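Participant: Based on the hints, put chain B in the right spot on chain A.
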Amino acid sequence: MTAGMAVPSLVINVALIVLGLSTALVVLRLLRGPSLPDRVVASDSLGANVIALIVVLSLKVGTPHYLDSVLVLAVLGFLGTSAAAKFLVRGGLIDKHGD
Amino acid sequence: MQDLIFRTIARQALYIIMAFSLFLMFRGHNLPGGGFIAGLGTAAAIVVQYLAFDLELVRRSLPVDYKYFIAAGLLLALGTGLGTALGNRLFMNHTFAYYHLPLIGEIELTTALLFDLGVYLVVIGATLTIIATIGEE
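Same order as they appear, the protein sequences are chains A and B.
According to this note's numbering, the residues represented by the first sequence are 465 to 563, in order.
According to this note's numbering, the residues represented by the second sequence are 8 to 144, in order.
If you're looking for bench data, these hints aren't it; they were derived computationally from the structure.
Because the structure is a prediction, the values reported are computed rather than measured.
Some clues are possibly wrong.
To be verified - Which residues of chain A face chain B? A partial, calculated answer using Cβ under 8 angstroms: (1) 542; (2) 557; (3) 558; (4) 561.
Glycine included, each C-beta is placed from N, C-alpha and C at the ideal position.
With the rest of the complex left out, here is chain A (with noise of 0.2 angstroms):
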């Protein structure tokens, strides 16, 4: 993380902000989201954010520990909101018997 080119700090504190701002947008959505699908869109889009933070401020620490507990959320967020994509429309999360 050390070599290679360096990304300015005005590049990575702006960056931090404006995703800041976004996940804030994002977790008032998912407050106050009238409905169920808004609730699990804004869910699975504050993990996108959460992840994104994430690489954002290992690249300001300087340290590459933190990518693991991204690849951890990214696996995570990806069976959350399938698991609710497919209770929305079925109605239940596993099938008995294919059809």
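Facilitator: Relative to chain A, chain B alone:
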């Protein structure tokens, strides 16, 4: 559910998530990772298959009873602890050595990795037993 897009993605995601969870298990102890999170990752990979396909299909393609995973993992973890206790060392005293393996190169293999393998099996067994039991109802 005949969702072509979800099924296609789920097939590819199985390999990616499994590779990531195995990577997490083998780098544990010195860096973030270990058997617990690796087991959760593998369980997540199989839960995605449960979501995309149905219970019967996954059970036919993975014909194992996950309850045995719990017992096997606990026995393996206990065995690695007792093995060192039998050899005039303390219980759960772990050791490590450096090996040179083909294709991988220099690698540090620890007996704690065997303990982690036990934790991995226990976590997979417990998680998938719970989820499959809930799914059956």
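Participant: With reference to the structure, classify each hint as holding or not holding.
Facilitator: Do the hints match the structure? See the list:
1. A least Cβ separation of about 7 angstroms between residue 542 of chain A and chain B falls short of the 8 angstroms threshold, and the interface hint therefore holds.
2. Checking residue 557 of chain A against chain B by beta carbon gives a least distance of about 7 angstroms; that is within 8 angstroms, so the hint holds.
3. Taking 8 angstroms as the C-beta cut-off, the interface hint given for residue 558 of chain A holds, the closest approach to chain B being about 3 angstroms.
4. At its closest, the beta carbon of residue 561 of chain A sits 5 angstroms from a beta carbon of chain B; the interface hint therefore holds under the 8 angstroms criterion.
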